[in-house]
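J.: Chain P: place on chain L using the hints.
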Amino acid sequence: MKDLKKGIALAMAASLSVCALAACGESGGNGGKTGGTTSATGGDTTATSAEGGKVYYLNFKPEQADQWKALAAAYSADKGVEVKVETAASGTYEEQRKSEMAKTDAPTLFQVNGPVELAAWGDYCYDLKDTSLYKNLKSDDFALIQNGEVKGVAYVIETYGIIYNKTLLNKYFETDGAKAKSVDEINTFAKFKEVVEDIQAKKDDLGINGAFTSAGMDSSSDWRFKTHLANLPIYYEYKADGVGSKAAIEGKYLDNYHNIWDLYINNATCDAKLLSSKTGDDANSEFALGEAVFYQNGTWAYQDILNAGELTDDDLGMLPIYIGAEGEENQGLCTGSENYWCVNAKASEADIKATIDFLEWVITSDEGRTAMATDMGFVTPFKTFDEDAKYQPTNKLVQAANEYIAAGKTAVSWNFPTIPSEKWKDGVGAALLDYAQGTGDWDAVKTAFVDGWKTEYDAAHAGDTAAADDGAAAEESTAEEEEAAAVAAN
Amino acid sequence: MTKKNLRAYFPIFALPTFIAFLIGFIVPFGLGIYLSFCKFTTVNDAVPIGTKNYTDMFKDPEFIHALWYTAAFAVVTVITINLFGFTIAMLLTKGIKGTNLFRTVFFMPNLIGGIVLGYIWQLIFNGILTHFGLTLTYSEVYGFWGLVIITNWQQIGYVMIIYIAGIQNVPPELIEAAKIDGATSFQVLRNVILPMVMPSITICSFLTLTNGFKLFDQNLALTNGLPGNRSELLALNIYNTFYGRVGYEGVGQAKAVVFSIIVGALAVAQLTFTNKKEVQQ
Numbered sequence: 001m002k003d004l005k006k007g008i009a010l011a012m013a014a015s016l017s018v019c020a021l022a023a024c025g026e027s028g029g030n031g032g033k034t035g036g037t038t039s040a041t042g043g044d045t046t047a048t049s050a051e052g053g054k055v056y057y058l059n060f061k062p063e064q065a066d067q068w069k070a071l072a073a074a075y076s077a078d079k080g081v082e083v084k085v086e087t088a089a090s091g092t093y094e095e096q097r098k099s100e101m102a103k104t105d106a107p108t109l110f111q112v113n114g115p116v117e118l119a120a121w122g123d124y125c126y127d128l129k130d131t132s133l134y135k136n137l138k139s140d141d142f143a144l145i146q147n148g149e150v151k152g153v154a155y156v157i158e159t160y161g162i163i164y165n166k167t168l169l170n171k172y173f174e175t176d177g178a179k180a181k182s183v184d185e186i187n188t189f190a191k192f193k194e195v196v197e198d199i200q201a202k203k204d205d206l207g208i209n210g211a212f213t214s215a216g217m218d219s220s221s222d223w224r225f226k227t228h229l230a231n232l233p234i235y236y237e238y239k240a241d242g243v244g245s246k247a248a249i250e251g252k253y254l255d256n257y258h259n260i261w262d263l264y265i266n267n268a269t270c271d272a273k274l275l276s277s278k279t280g281d282d283a284n285s286e287f288a289l290g291e292a293v294f295y296q297n298g299t300w301a302y303q304d305i306l307n308a309g310e311l312t313d314d315d316l317g318m319l320p321i322y323i324g325a326e327g328e329e330n331q332g333l334c335t336g337s338e339n340y341w342c343v344n345a346k347a348s349e350a351d352i353k354a355t356i357d358f359l360e361w362v363i364t365s366d367e368g369r370t371a372m373a374t375d376m377g378f379v380t381p382f383k384t385f386d387e388d389a390k391y392q393p394t395n396k397l398v399q400a401a402n403e404y405i406a407a408g409k410t411a412v413s414w415n416f417p418t419i420p421s422e423k424w425k426d427g428v429g430a431a432l433l434d435y436a437q438g439t440g441d442w443d444a445v446k447t448a449f450v451d452g453w454k455t456e457y458d459a460a461h462a463g464d465t466a467a468a469d470d471g472a473a474a475e476e477s478t479a480e481e482e483e484a485a486a487v488a489a490n
Numbered sequence: 491m492t493k494k495n496l497r498a499y500f501p502i503f504a505l506p507t508f509i510a511f512l513i514g515f516i517v518p519f520g521l522g523i524y525l526s527f528c529k530f531t532t533v534n535d536a537v538p539i540g541t542k543n544y545t546d547m548f549k550d551p552e553f554i555h556a557l558w559y560t561a562a563f564a565v566v567t568v569i570t571i572n573l574f575g576f577t578i579a580m581l582l583t584k585g586i587k588g589t590n591l592f593r594t595v596f597f598m599p600n601l602i603g604g605i606v607l608g609y610i611w612q613l614i615f616n617g618i619l620t621h622f623g624l625t626l627t628y629s630e631v632y633g634f635w636g637l638v639i640i641t642n643w644q645q646i647g648y649v650m651i652i653y654i655a656g657i658q659n660v661p662p663e664l665i666e667a668a669k670i671d672g673a674t675s676f677q678v679l680r681n682v683i684l685p686m687v688m689p690s691i692t693i694c695s696f697l698t699l700t701n702g703f704k705l706f707d708q709n710l711a712l713t714n715g716l717p718g719n720r721s722e723l724l725a726l727n728i729y730n731t732f733y734g735r736v737g738y739e740g741v742g743q744a745k746a747v748v749f750s751i752i753v754g755a756l757a758v759a760q761l762t763f764t765n766k767k768e769v770q771q
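As given, the protein sequences belong to chains L and P, one line each in that order. In case it helps, the numbering used here puts the first sequence at residues 1 to 490. In case it helps, the numbering used here puts the second sequence at residues 491 to 771.
So that you can see chain L by itself, here it is in the shape it has in the complex (with noise of 0.2 Å):
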C-alpha cells in the first residue's frame, strides 16, 4: 500500500518535473522562433543595421494583420531596417501588450485606445510633438496630449451606426402599408421604430428572420451595447450639459437607452433568451445571408460583410442611431476614434528614431498611403492623405459616412474613452443582458450605468492620488527592488 503511495508520488514529482522542463523547452522554442523571424527579416538588412535602430510594431487590428506585415517588408526590402509586426489575436491585445512590453525586446510601437489606457501606459509613451507625424495631424482631437506632451496618435477615424439592406429595405419600402417609402423619411426614431416593427411583422413576406440581427451578448459581440450603443445617451447627456467628460453622470437618456435597446430586442432574429451565447460572427452572418435588415457595427466591418455572404456594395447603406433625443434630425454617424499610435519611450534612442521614421513613412510615402487607404481601408486623420484622390478609401460605409457629412449632418462623437473604466463596461453590458433575458428589471441597468460611473470614477481618481503619493515612495523602495532584482536573479 506504501509502496503504491510512494509510486503514485514518484510519478507525480516526474510528470510535475516534466511539465516545468517542458514549458521551459517552450518558452525556449517561442525565443528560437522569434529570434528566427528577426533575422529573416534582418537578413537583407544586415548592412544597413549598423546605427541599430528597428522596429517593433505590436498591431492591434486583426482585420489588418497581413496587409501590416507586407508593408514592413516593404520598408525593409527599401530602407533596409528590420520592421517586425505582431498582431495581438482578437480580444488578447491587452495579454500582449503587458506580456510584451516586459520583455528586453520590448515593441517599440504599441496601441492604446484612448484617455483611460494612456493614464496606465503614459510612462510609455514617448513625446511625439516634434514629429511630423503629429504635425501632419489635421487637428488636436486626433492626439492623445497629457500635461502638453503629445502622448499618442489617432491613425485612423472610424464610423458606427446602423448598417441596413439597401436591397431588402427597398423591397419593403414597396409593400402595401410601409410606414415609409425612402430610407430619407428615417430620420428620428419613432419614424424607425415604426418602420423597424413593421419589419418584424412582414418578416415571412420580406423572407427575412428578424429587423434586426441578433444583439448578441458573448464578448465579441457586446461591445456593440454596452459601448458604442452606450456612446449616444452619454453624447446627448454632455451635449446638454456643454461638458466633454463628467464626475457623476446623472443618465438623462436613459429612458432612450431603454427605448433602443428594446427596439432591438425586441425585433430580432432570436430570442431574447438566447442573446448571452450570440458572437458577434452570428449577428456578422445573419446580415451578410440577407437574415435581417439591421445590423449596429462599424465601417471596420466593411470586409467582414463581404466575406460571409453574397451582398456587394451597392446593398450597404447605414443610418445613424436615433434614439430619440431631441434636434436628432440633424445627427450624423458616430465618428472617432479608439486607435493611438505610441512609441515606447522606454525603448533605446536608435530604435525610437527608427520607429518614427517608419510611421512618417507609412503616412508621408506612395507605398504606405496606399497600403493604408487602399488595402486596409482606412480613414485617417492625416494631412498628406488629402494629397491625391487615390488615397481615399474605397469603403463603401466610410463613403456612407461622408455622405452625411456632405449633407450637414453632425457627427455623433466617440465618448466612451471618457467611461471611467472597463468594469463600467461591464456592469453596464450584464446589466443589459440580464434586462434582456428577463433575469432582471431596467433598474438594475440604471444602477450600473448612474452608481456604477460614480464608483468607477471615484475608484480611479483614488488611484491617481494614490499614484501621487506612490511617486514620493518609490524613491524610498528603490533599495527593496534591487534586493527582489537580487532575488530573482540568484
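Hints listed in this document are in silico derivations from the structure and should not be mistaken for laboratory results. Cβ coordinates follow ideal geometry from the N, Cα and C atoms, glycine included. Any given hint might turn out to be false.
If you anchor each label on the Cβ, the simulated ranges turn out as follows [stated by the list, open to error]:
(1) L601(P) - K346(L): 39 to 49 Å
(2) V565(P) - K454(L): 36 to 46 Å
(3) H621(P) - D443(L): 24 to 34 Å
(4) K549(P) - T279(L): 27 to 37 Å
(5) N402(L) - I554(P): 47 to 57 Å
(6) V565(P) - T279(L): 27 to 37 Å
T.: Leaving out everything else, chain P in the frame of chain L:
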C-alpha cells in the same frame, strides 16, 4: 558502497529538476508575492504600495462571489468525481468481460485538453438547451452544473485508474476471511476495502480538490464568466482582474497570492485528515 555512491551523485541527479523547480516555481512565486504589494503596469516597473492591493481585493464583490462559487464547485466535484470514480473502479475490478476496453474508454476523456473539451461541451449543452429556448450562459446556475458535468466527465477516468490500482492491492485473503466470518458485501466494502484503499482516497481527493479550485480553461471555454462574470471561478477572476482591468494588475496579483494560500491550506488540511484514516498493512 552503493549508498555512498548514490549520496555522491545525489546533487547531479537532483540538480536539473531543482533548477527547473527554481526557474519554474520558486522565482515566479517570490516575484509574485513581491508584485502583490506593488502597483505596476508591466512587471518591470513595479512600485511598492504596501497592502493596498489586499484591501482593494475584498472590496470587489465579484471576487467574493467567485470565492463562494469556486468553493461550492470544489465541494460538489470532489464528492461526485470520487463517488463515481470509485463506483466504476469497483465495477471494473469484478472481472466483467471487456474490462480493459471499459477502463480505456473511461480514461480517454482525460487525454483531451480543457479548452477543446469546453468548446465541445458548450455545443452539446447549447444544443440541448436550445430546445427549451435557453442557452448555457442564461444563468450562472446552468454554468455551474455545466462545469460540474465536464469536470466529472474528464476526471472520473483518472481517479478510477488510481482506485483500481488501490482495490487490486487489497489482499484477497482479507476479503475471504471477512466473508467466512459472515460479512455482507457492504460490510466488506465498509470495513475491509475502504480502509485498505485509503491511500488512494487521499491522493484522489487531493487531486480533485486542488483541480476544482484551479479549474481555468474549461471555465474560460464553456462560459467565460457569462452572464456578467457570475459564472467566474477564482482562477478566471484573477486572470480577468490582471489582464482586463487597467490599474488592477497588483490587485490581480494579490488575489493570486491569496488563492495559492487557500489552495495550499486546504490541501494540507485534507492530507492530514485523510492520512489519519489510513491503516498500515
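J.: Next step is simple, just say for each hint if it's right about the structure.
T.: Hints, verified against the model:
no. : hint                          : result
1   : L601(P) - K346(L): 39 to 49 Å : holds, 44 Å
2   : V565(P) - K454(L): 36 to 46 Å : holds, 37 Å
3   : H621(P) - D443(L): 24 to 34 Å : holds, 32 Å
4   : K549(P) - T279(L): 27 to 37 Å : holds, 32 Å
5   : N402(L) - I554(P): 47 to 57 Å : holds, 50 Å
6   : V565(P) - T279(L): 27 to 37 Å : holds, 33 Å
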